[in-house]
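Asks: Listed here are the chains, written in short residue letters.
2 protein chains.
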Amino acid sequence: MTVAVKALFFDVFGTLVDWRTSIAREAEAMLKPLGFSLDWLAFADAWRGEYQGAMDEVRTGRMPFCKLDMLHRRNLELILPRFHVDTLTEVQRAALNLAWHKLDAWPDVPPGMKRLKRKYMLAPVSNGNISLMVDLARRNDMPWDVILGAEIAGDYKPKPQVYLAAAAALDLAPHDCMMVAAHTNDLMAAATQNLRTGHIARPNERGQGRGETAPGQKVDIAAKSLEDLADQLGA
Amino acid sequence: MTVAVKALFFDVFGTLVDWRTSIAREAEAMLKPLGFSLDWLAFADAWRGEYQGAMDEVRTGRMPFCKLDMLHRRNLELILPRFHVDTLTEVQRAALNLAWHKLDAWPDVPPGMKRLKRKYMLAPVSNGNISLMVDLARRNDMPWDVILGAEIAGDYKPKPQVYLAAAAALDLAPHDCMMVAAHTNDLMAAATQNLRTGHIARPNERGQGRGETAPGQKVDIAAKSLEDLADQLGA
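Protein chains in written order, with our numbering: chain A, 6 to 240; chain B, 6 to 240.
By construction, these hints were calculated from the structure, which means they are not laboratory data.
Misleading hints may appear alongside valid ones.
[As the list claims (entries may be wrong)] Calculated cross-link-like contacts (lysine-lysine; reagent style DSSO-like; alpha-carbon spacing at most 30 angstroms):
| hint | chain 1 | residue 1 | chain 2 | residue 2 |
| --- | --- | --- | --- | --- |
| 1 | B | K124 | A | K122 |
| 2 | A | K119 | B | K11 |
| 3 | B | K72 | A | K11 |
| 4 | A | K122 | B | K122 |
| 5 | A | K122 | B | K119 |
| 6 | A | K124 | B | K122 |
| 7 | B | K107 | A | K107 |
| 8 | A | K72 | B | K124 |
| 9 | B | K11 | B | K72 |
| 10 | B | K107 | A | K124 |
| 11 | A | K107 | B | K72 |
| 12 | B | K122 | A | K119 |
| 13 | A | K37 | A | K11 |
| 14 | B | K124 | A | K107 |
| 15 | A | K229 | B | K72 |
| 16 | B | K164 | B | K107 |
| 17 | B | K164 | A | K122 |
| 18 | B | K119 | A | K119 |
| 19 | B | K11 | A | K122 |
| 20 | B | K164 | A | K11 |
| 21 | B | K72 | A | K124 |
| 22 | B | K164 | A | K119 |
| 23 | A | K124 | B | K164 |
| 24 | B | K107 | A | K164 |
| 25 | A | K107 | B | K119 |
| 26 | A | K11 | B | K122 |
| 27 | B | K107 | A | K72 |
| 28 | B | K107 | A | K122 |
Bound-form chain A, shown alone (with noise of 0.2 angstroms):
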């Protein structure tokens, strides 16, 4: 299939980032030397879990836009009860949250981008904040010619604002942008707006098989990995 596009938008958290292991090892690393022993990727799970619904607060508009550091940490205060880990100082809570700067990228990730970087102008359309897209990019070798993503549209995605922000960003038209992303909702977010769309299949996002083996609905490419992109692209 050719589909020509001259910048592909990543979502980042799942689609090019193991957040459920790379999160347990951070949480089990900074919580069991304090004496905690907790079940660290349910400690992951429920943290990720009140992650659309913080979001939801900015994108309704009762709350005005504010990093994802910050809706992290909001949601880490909500989690930690849960799991009977109240005697966290401020500093020790602020070095948890900057957990999810330390996310691990899926292995197909930096070859695949570092063949599609040669034709397409790359750039992160996710939820995380710049800070966060840095030190994630900086850890994991991703060469993004931009940031793009909630923080330079003010506010989140699916909202439409978010996709068409990027696009706008690099004076392209949208369907001149494909949005690619491990979840289908993402996609037909992005395709609304026009963006083609690129599906990369991560079936083990939340635990063994729990995640999308394959798009639920048509795409323009459907994808196992970013290096299967890569092929599928001419890249």
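Use these hints to put chain B onto chain A, whose structure you have.
Replies: Quick look at chain B alone, frame taken from chain A:
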């Protein structure tokens, strides 16, 4: 000198790229085949000569913020009649305006930035818009971590907000950031906001001997090139 900073913010026009000979070259490449014969360097100087005045319209609030590309286009319309270039079509004018996306870096920039990237977060804090910065970076292998500057801040340097918005995007205090520029006034404006300052000598920016050979006021580091800056920063 030890200057402990975490991010380096770069001025771009003049500091990293040689706008004068690049604009002259691009204008000649486009206009000469159309039968025009101008003093191409004078044309570049005239175009750049309208730069500060155009931004002042925005800085003073007389005009809402718009991308620098739009100001460059306004300035082009001002100077074309002066050079008796009156017959260009809209498409040709738009193409000529993109000359600013095709500027070449000074020779020390790619090797210097490669070294600095290992130790510091690197971002342009330029008055140029995002798409312009992306095109210059792809052309000249500038390994930006993120593109900051006027379009992120919604105003033009030397307005304080441009420097402060850049630091805030990275969750850094201003004193953890160094502004790097070949223009003392840019550095003094950054210093007023508590950023550190690094001067790069560009003695020929506006023609032979018409550029700053040294900072006109006290700065944290005065360097002859980006490689010299890397030496002095131990990068």
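Asks: All hints are to be evaluated individually against the structure, with a verdict given for each.
Replies: Evaluated hints:
1. Note on K124(B) and K122(A): the hinted pairing holds, with a Cα-Cα distance of about 23 angstroms set against a maximum of 30 angstroms.
2. The hinted pair formed by K119(A) and K11(B) meets the criterion: a straight-line CA distance of about 26 angstroms does not exceed 30 angstroms.
3. Taken as a hint, the K72(B) and K11(A) pair is honoured in the structure, with Cα atoms around 20 angstroms apart against an allowance of 30 angstroms.
4. In summary, the hint linking K122(A) to K122(B) is supported, as the alpha carbons are separated by about 18 angstroms, within the 30 angstroms threshold.
5. For the hint pairing K122(A) with K119(B), the CA-to-CA distance comes to about 17 angstroms; that is within 30 angstroms, so the pair holds.
6. At roughly 23 angstroms between alpha-carbon atoms, K124(A) and K122(B) fall within 30 angstroms of each other, so this suggested pair holds.
7. At roughly 36 angstroms between alpha-carbon atoms, K107(B) and K107(A) are farther apart than 30 angstroms, so this suggested pair is violated.
8. At roughly 25 angstroms between alpha-carbon atoms, K72(A) and K124(B) fall within 30 angstroms of each other, so this suggested pair holds.
9. Taking the CA atoms of K11(B) and K72(B), the gap is about 28 angstroms. The hint holds against a cut of 30 angstroms.
10. A C-alpha spacing of about 18 angstroms is found between K107(B) and K124(A), which places the hinted pair at or below 30 angstroms, so the restraint holds.
11. A threshold of 30 angstroms between alpha carbons decides the hint, and for K107(A) with K72(B) the separation of about 34 angstroms lies outside it, so the pair is violated.
12. Of the pairs offered as hints, the one joining K122(B) and K119(A) holds, with about 17 angstroms between alpha carbons and a cut-off of 30 angstroms not exceeded.
13. For the suggested pair K37(A) and K11(A), the alpha carbons sit about 46 angstroms apart, so the restraint of at most 30 angstroms is broken.
14. About 18 angstroms separates the Cα atoms of K124(B) and K107(A), which keeps this hinted pair within 30 angstroms; it holds.
15. Proximity of K229(A) to K72(B) is assessed by CA-CA distance (about 38 angstroms); at most 30 angstroms being required, the pair is judged violated.
16. Taken as a hint, the K164(B) and K107(B) pair is honoured in the structure, with Cα atoms around 26 angstroms apart against an allowance of 30 angstroms.
17. Among the hinted pairs, K164(B) with K122(A) is inconsistent with the structure: their alpha-carbon atoms are about 34 angstroms apart, more than 30 angstroms.
18. For the given pair, K119(B) sits about 17 angstroms from K119(A) by alpha-carbon distance, which is consistent with the 30 angstroms threshold.
19. Distance check on the hinted pair: K11(B) and K122(A) sit about 26 angstroms apart at the alpha-carbon level, within 30 angstroms; holds.
20. A distance of roughly 33 angstroms separates the Cα atoms of K164(B) and K11(A); the hinted pair therefore is violated under the 30 angstroms criterion.
21. For the suggested pair K72(B) and K124(A), the alpha carbons sit about 25 angstroms apart, so the restraint of at most 30 angstroms is met.
22. Our distance criterion of 30 angstroms between C-alpha atoms is broken by K164(B) and K119(A), whose separation comes to about 37 angstroms.
23. For the hint pairing K124(A) with K164(B), the CA-to-CA distance comes to about 36 angstroms; that exceeds 30 angstroms, so the pair is violated.
24. For the hint linking K107(B) to K164(A), the alpha-carbon distance of about 34 angstroms lies beyond 30 angstroms, and the restraint is violated.
25. Distance restraint check for K107(A) and K119(B): the Cα-Cα separation of roughly 23 angstroms lies within the 30 angstroms cut-off, and the hinted pair is therefore satisfied.
26. As the CA atoms of K11(A) and K122(B) are separated by approximately 26 angstroms, the hinted pair is consistent with the 30 angstroms bound.
27. For the proposed pair K107(B) and K72(A), the alpha carbon gap of about 34 angstroms is over 30 angstroms, so the pair is violated.
28. Pair hint K107(B) plus K122(A) holds up; C-alpha atoms about 19 angstroms apart against a cutoff of 30 angstroms.
In this structure, the earlier hints numbered 7, 11, 13, 15, 17, 20, 22, 23, 24 and 27 are contradicted, and the remaining ones agree with it.
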